[in-house]
Structure formats: C-alpha cells, structure tokens
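Visitor: To convert, note that position 47 of the sequence shown is 47 in full-length UniProt numbering; the numbers rise steadily by one, no gaps.
Please keep in mind that the hints were generated in silico from the structure rather than gathered at the bench. Ideal Cβ placement from N, Cα and C applies to all residues, glycine included. Be aware that one or more of the hints could be misleading.
[What the hints assert, rightly or not] Label-pair restraints from in silico Cβ distances:
1. Asn114 / Gln151: 29 to 35 Å
2. Pro149 / Arg76: 34 to 40 Å
3. Ser61 / Asp25: 26 to 32 Å
[Unchecked claim] For lysine-lysine, the following DSS-like pairs were computed, each having C-alpha atoms within a straight-line distance of at most 27 Å:
4. Lys9 / Lys24
5. Lys108 / Lys81
6. Lys24 / Lys73
7. Lys3 / Lys24
8. Lys124 / Lys60
9. Lys9 / Lys145
10. Lys60 / Lys88
11. Lys124 / Lys73
12. Lys145 / Lys88
13. Lys124 / Lys88
14. Lys108 / Lys145
15. Lys81 / Lys60
16. Lys124 / Lys81
17. Lys60 / Lys3
18. Lys124 / Lys108
19. Lys108 / Lys60
20. Lys73 / Lys88
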Amino acid sequence: MDKIDELDKRILEIISHNARIPFKDVAAECNVSRAAIHQRVQRLIDMGVIVGSGYNVNPKSLGYTTCTYVGIKLERGSMYKRVLNELKEIPEIVECHFTTGPYTMLAKIYARDNEDLMHLLNSKIQEIQGVNATETFISLEQGIKREIPIQTKE
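Using the sequences and the accompanying hints, generate a full structural model.
Guide: See below:
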C-alpha cells in the first residue's frame with residue numbers, strides 16, 4: 001500500500017468530520033489547490049483508505065426505536081459463512097462480526113419495538129440452522145459515535 005503523508009492525514013481529518021465539505025474549502029484549509037485535493041481524495045479511495053460515502057440516517061426517524069446487540073453462538077465456527085449469508089437476508093441487521101470470546105458472532109440490530117425484536121430473534125435468527133443460542137443486549141443510549149482518530153503532526 002502506498003504511504004499516507006501528512007497532507008493525506010489532514011484531508012482525512014477534515015472530511016471525516018464533514019463529508020459534504022466542498023473541496024475548495026478543504027484546499028483552503030490545507031493551503032493547496034482544489035485539483036490537488038481532488039487527486040488526493042481519489043487516490044485515497046483507490047487505495048482503500050476511504051471506503052464508502054453517504055449520509056447517516058437516524059433509525060428512530062424511520063420508526064426503529066430499539067437498538068440491540070445480539071451475541072450469537074453457533075454449533076461450529078465453520079458454519080459462520082453459511083449463517084452469515086442467512087443473516088444478510090434480515091434487513092434489520094446492520095452489522096455483524098465474527099468474534100472471539102463467548103459468541104461466534106455479534107450482530108447489531110434495529111427493531112421497531114420489543115415485540116418486533118422478539119419476532120426477529122425467535123422467528124428469524126434462532127430458526128437458522130446452526131444457531132445454538134443468542135444473548136441480547138438492548139442499547140439504552142448511544143454515548144459515542146465517531147471515526148477512528150487521524151494522527152497528524154501539529
């Protein structure tokens with residue numbers, strides 16, 4: 001992978017706080033041309049440093065009031081890929097990780113309410129062949145949401 005220099009880090013720091021900032025404003029903050037910013041950002045995308053872009057939608061605004069983390073235990077870890085493919089068919093699952101520790105997988109789920117959550121757990125997730133058990137953790141409040149810090153020299 002190509003090296004990321006201090007200008008790249010400064011660009012990443014700026015756009016990670018506001019992805020909609022115009023390149024001309026990033027260029028002004030970095031004291032370089034708009035073309036230089038455009039080229040750098042494209043290079044960072046091509047390198048896989050910047051992945052995805054878009055808007056974050058507040059799930060509550062769409063009626064999903066319950067945020068839950070579900071620890072999933074599988075019969076065997078080797079079943080992960082097959083179970084993952086089935087979990088991908090459940091749109092309320094927004095993240096899923098293959099983990100160490102007491103669970104084989106950890107999933108983040110948004111449900112409309114506790115009744116909806118119970119349906120997702122009992123009728124969908126626990127019905128998948130190979131799922132031995134689940135443990136549910138309801139999030140009462142998200143206290144922190146941020147990107148990984150970008151270390152720049154100052």
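Visitor: Are the hints correct? Go through all of them and say.
Guide: Right, here's what the structure says about each hint:
1. Asn114 / Gln151: 29 to 35 Å: 42 Å, violated
2. Pro149 / Arg76: 34 to 40 Å: The hinted range 34 to 40 Å holds for Pro149 and Arg76, with Cβ atoms some 38 Å apart.
3. Ser61 / Asp25: 26 to 32 Å: For Ser61 and Asp25 the Cβ distance comes to about 28 Å; the hint holds.
4. Lys9 / Lys24: 17 Å, holds
5. Lys108 / Lys81: 17 Å, holds
6. Lys24 / Lys73: 50 Å, violated
7. Lys3 / Lys24: 24 Å, holds
8. Lys124 / Lys60: Distance of about 22 Å is within 27 Å: holds.
9. Lys9 / Lys145: 20 Å, holds
10. Lys60 / Lys88: 21 Å, holds
11. Lys124 / Lys73: 15 Å, holds
12. Lys145 / Lys88: 23 Å, holds
13. Lys124 / Lys88: Roughly 11 Å between the alpha carbons, so the hint for Lys124 and Lys88 holds.
14. Lys108 / Lys145: Roughly 14 Å separates the two Cα atoms, so the pair holds.
15. Lys81 / Lys60: Roughly 30 Å between the alpha carbons, so the hint for Lys81 and Lys60 is violated.
16. Lys124 / Lys81: It holds: about 17 Å lies between the C-alpha atoms, which stays within 27 Å.
17. Lys60 / Lys3: 40 Å, violated
18. Lys124 / Lys108: 14 Å, holds
19. Lys108 / Lys60: 15 Å, holds
20. Lys73 / Lys88: Roughly 17 Å between the alpha carbons, so the hint for Lys73 and Lys88 holds.
Hint compliance for this structure: hints 1, 6, 15 and 17 are not met, and every other hint is.
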